[in-house]
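**Q** Sequence:
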Amino acid sequence: MQALDIRPTRIVAMGGGTGLPMVLRGLARRADPKLGDPGLDITAVVAMSDDGGSSGRLRRTRGTLPPGDVRNCLVALAGGKSNSPLSEVFQYRFGGKRGLAGHAVGNLLIAALAELKGDFLEAVRVSGELLGVKGRVLPSTTSPVQLVAQMEDATEVVGERNISRAHGRISKVLLSPRSPPPVDGLIESIRTADLIAIGPGSLYSSVMPNLLVDGVAQALCETRALKVMVANLMTQPGETDGMDCLDHVRAVIDHVGPVLDAVLINGAMPSDEAAKRYALKGQFPVRVDRRALISAGVVPVEADLLKEGPRIRHDSRKVARCLLKMARTGL
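Count along the sequence shown starting at 1, add 29, and that's the number in the numbering used here.
Since the hints were made in silico from the structure, they are not lab data. The reader is advised that the hints may include incorrect statements.
[Stated by the list, open to error] Derived Cβ-Cβ restraints for the label pairs, each shown as a range:
id, residue 1, residue 2, range
1, 217, 304, 36 to 44 Å
2, 305, 217, 41 to 49 Å
3, 144, 251, 33 to 41 Å
4, 158, 184, 38 to 46 Å
[Claimed, not checked] Here are the simulated lysine-lysine pairs, DSBU-like style, with alpha carbons at most 30 Å apart:
id, residue 1, residue 2
5, 201, 310
6, 305, 347
7, 63, 336
8, 347, 336
9, 347, 63
10, 354, 336
11, 336, 310
12, 126, 305
13, 336, 305
14, 310, 347
15, 354, 63
We put the beta carbon where it would ideally sit given N, CA and C, even for glycine.
Starting from the given sequences, assemble the full structure and let the hints guide the process.
**A** And the structure:
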């Protein structure tokens, strides 16, 4: 009698900034197959609208796509800086005030490979091979795009780095040019996934740009995968001030339709001391109304997701554990 061919669990994680690498670090620890566990097939989908910092400078001076978020995701899937000397080199950032100051080595390497190969996607793939990543990283699009925010006061803000500085309530975001084509393999990954994790991270500048790429929203509606939004722990000044969890969910639905099945929320309270410290910076815990989420057609799934320590952060191991349980057993 032949043994059953059990395939790895297919996980697609979408986002950018610091949220997506956090999810990927947890998943990477569970990626390798073990006895009775076929492991994971991980695809990270990264927003391409970053125009600040080192990535922004490389966009303006070299005409390359932004490598920063891609670099962080590659390092996360390689197990982090402590796992390999090359990861540490990728994350090394030059000091000083001129020349290379502020640039991360990995950003420069990805940009150099993109020029050498004439293909940003190939540059990402080669970088992944060098790092020995457990999975693959896909830029959501290889078209040069800018993020545009339409504010509630009818003004328009162009550029991701300018949006949080505007200090206004965002009504809608879009990409310019609109509906850029998806990178090869992205739509197929969504359609064949077992679970799609969206976020956490900056709602309008890290999460939403991936969903605005042509064909992504439709693929999310059509896939049989469980689609889970990982809720932010805290509001983000200048972007989600005063927004609760339902507001985050509604923003996604208003932009791209009913593409969420569930929202993974933190059920542990941060310390009063930490909450007060964050409040001084204009950051407050994202409030959750479970009944309102259910009424919106999204199932709230609650767990302790907090990382120990003075900062209010997600614990990558806890998040990965919850996502894998949902992927393998459903809601």
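**Q** Going through the numbered hints above, which ones does this structure break? Give me the numbers in ascending order.
**A** Failing hint: just 12.
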